[in-house]
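S.K.: On the provided structure of chain R, position chain A as indicated by the hints.
Residue numbers (my numbering), protein chains in the order written: chain R, 1 to 295; chain A, 1 to 138.
Check before you lean on any hint, since a few could be wrong.
Claimed, not checked - In silico lysine-lysine, DSBU-like type, Cα no more than 35 Å apart, as pairs:
no., chain 1, residue 1, chain 2, residue 2
1, R, Lys-229, A, Lys-24
2, A, Lys-115, R, Lys-229
3, A, Lys-115, A, Lys-39
4, A, Lys-24, A, Lys-39
5, A, Lys-115, R, Lys-267
6, R, Lys-171, R, Lys-229
7, A, Lys-11, A, Lys-43
8, R, Lys-171, R, Lys-267
9, A, Lys-43, A, Lys-115
10, A, Lys-24, A, Lys-11
11, R, Lys-229, A, Lys-43
12, A, Lys-115, A, Lys-11
13, R, Lys-267, R, Lys-229
14, R, Lys-105, R, Lys-41
15, A, Lys-115, R, Lys-171
These are calculated hints, taken from the structure and not from any lab test.
If you're wondering where the values come from, they're calculated on a predicted model, not measured in any experiment.
Residues per chain, in single letters:
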Amino acid sequence: MRTESRLSTVLAQGGDPLLEEWLRLLIAGTGARKALIVESKLREQCREFLAALTAIFSNSENAAHLEFRGAIGERARDVLTQVSRERGALGFTPSETALFVFSLKSPVLARLRAHSEKAVDSQVLFDDIVAFNDLLDRLGLFTTEIFQRSREEVILRQQQEMLELSTPVVKLWDGILALPLIGTLDSARTQVVMESLLQEIVATGSDIAILDITGVQTVDTLVAQHLMKTVQAARLMGAECIVSGIRPQIAQTIVHLGVDLGTITTKATLADAFRLALRHRGCAIGALPALATPV
Amino acid sequence: MERIPVLLIGKTLLVTMQSDLHDKVALALQEELAERIIKTEAKGVVIDISALEIVDSFIGRLLANTAEISSLLGARTVVVGMQPAIAITLVELGLGLQGIQTALDVDRGIALLAKGNEQGWGHGRSKLDDLDAIRRFK
Numbered sequence: 001m002r003t004e005s006r007l008s009t010v011l012a013q014g015g016d017p018l019l020e021e022w023l024r025l026l027i028a029g030t031g032a033r034k035a036l037i038v039e040s041k042l043r044e045q046c047r048e049f050l051a052a053l054t055a056i057f058s059n060s061e062n063a064a065h066l067e068f069r070g071a072i073g074e075r076a077r078d079v080l081t082q083v084s085r086e087r088g089a090l091g092f093t094p095s096e097t098a099l100f101v102f103s104l105k106s107p108v109l110a111r112l113r114a115h116s117e118k119a120v121d122s123q124v125l126f127d128d129i130v131a132f133n134d135l136l137d138r139l140g141l142f143t144t145e146i147f148q149r150s151r152e153e154v155i156l157r158q159q160q161e162m163l164e165l166s167t168p169v170v171k172l173w174d175g176i177l178a179l180p181l182i183g184t185l186d187s188a189r190t191q192v193v194m195e196s197l198l199q200e201i202v203a204t205g206s207d208i209a210i211l212d213i214t215g216v217q218t219v220d221t222l223v224a225q226h227l228m229k230t231v232q233a234a235r236l237m238g239a240e241c242i243v244s245g246i247r248p249q250i251a252q253t254i255v256h257l258g259v260d261l262g263t264i265t266t267k268a269t270l271a272d273a274f275r276l277a278l279r280h281r282g283c284a285i286g287a288l289p290a291l292a293t294p295v
Numbered sequence: 001m002e003r004i005p006v007l008l009i010g011k012t013l014l015v016t017m018q019s020d021l022h023d024k025v026a027l028a029l030q031e032e033l034a035e036r037i038i039k040t041e042a043k044g045v046v047i048d049i050s051a052l053e054i055v056d057s058f059i060g061r062l063l064a065n066t067a068e069i070s071s072l073l074g075a076r077t078v079v080v081g082m083q084p085a086i087a088i089t090l091v092e093l094g095l096g097l098q099g100i101q102t103a104l105d106v107d108r109g110i111a112l113l114a115k116g117n118e119q120g121w122g123h124g125r126s127k128l129d130d131l132d133a134i135r136r137f138k
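With the rest of the complex left out, here is chain R:
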């Protein structure tokens, strides 16, 4: 009897009791996140995975090295990908995700032993166990890989969203734009900021842009350089930038670093910058004169 067919026989004979035992182990091992599992759905996934495994066992050419990378293992990979992504999204740990595969070991191995008692060839039994363990280990690693990849996709998407969210160009007045900068300014973000500001200057025909750095935590030479570049580019287009929201610590840092912001108009607060910008637009904001008759 060939090895792979013996393993597939064990799986096929295992039937529903095997499925139930595996499910029980799976749910018991999941711990705190038990509530997140929908049992009927999990049962369906387990059934699908068992069928996929059987296909691998009965179709593999090399009994000692069961392969799941090719066309044979496509179904198994699909199930695992689905499970990993689901668990990743639900906040499972990588171990809890890999458990889906590893918890199958003990019920199957127990059945394999029971099945082989009649055959009594310890060498064949040993080979079976090694081949089975080897396959499941690699499948377990595969789930971890997928799990990590899905997490990385989330991080990447969030980075992208942050980049887009963090650069709103606001029109304060006719011809006055404001750009409230928040967070850390790195090269990639400054590039986006610079581009969206310059585009907006063209689109609205605004002369004056206020760069508010109240929300910027630290200013180093690189950030200062980025600011200078943005101001220079705006000037080339015929607009002027006012930098506002420089906190005391940041002012100190800028001086200590020896950064020369001499050619840039700076103000302590956005209000000051806005007042200055308004004055250059020929406007002013002040209190209304007392009304003669109460409204």
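M.R.: Showing chain A alone in chain R's frame:
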């Protein structure tokens, strides 16, 4: 060889650069502009580069030189309508064009020249002063 038209409006020369500017054409323009300033006694030059989509270090340098030549000949130069991509490129190339005045469009460029010539051009004028000049003229 194709050439770029230089138009005289009052005491101002208006140059509108075309989308693809060859180095030779640009050099020819520089020469022609200098001659026209002498001939027409223009007091200002507006270079409109809003149609320009690509700029390299050569053209950037050429713009700066043109402005310098014009002011030596007694005509102020304002570069108008620079596209964002070009502004970013020039800054990345380290060409801040410090000596050149800029404005968002031709209208404002002409206003800037008119007001500036009336008031006299002081050194150390800031961009905000220029914006004031444009506004007062309008």
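S.K.: So, for every hint listed, does it hold in this structure?
M.R.: These are the hints, each one checked on the structure:
no.	hint	in the structure
1	Lys-229(R) - Lys-24(A)	holds, 30 Å
2	Lys-115(A) - Lys-229(R)	holds, 28 Å
3	Lys-115(A) - Lys-39(A)	holds, 23 Å
4	Lys-24(A) - Lys-39(A)	holds, 23 Å
5	Lys-115(A) - Lys-267(R)	holds, 27 Å
6	Lys-171(R) - Lys-229(R)	holds, 21 Å
7	Lys-11(A) - Lys-43(A)	holds, 6 Å
8	Lys-171(R) - Lys-267(R)	holds, 19 Å
9	Lys-43(A) - Lys-115(A)	holds, 12 Å
10	Lys-24(A) - Lys-11(A)	holds, 27 Å
11	Lys-229(R) - Lys-43(A)	holds, 31 Å
12	Lys-115(A) - Lys-11(A)	holds, 13 Å
13	Lys-267(R) - Lys-229(R)	holds, 18 Å
14	Lys-105(R) - Lys-41(R)	holds, 21 Å
15	Lys-115(A) - Lys-171(R)	holds, 27 Å
Figure legend: structure checked against the earlier numbered hints; every hint is met.
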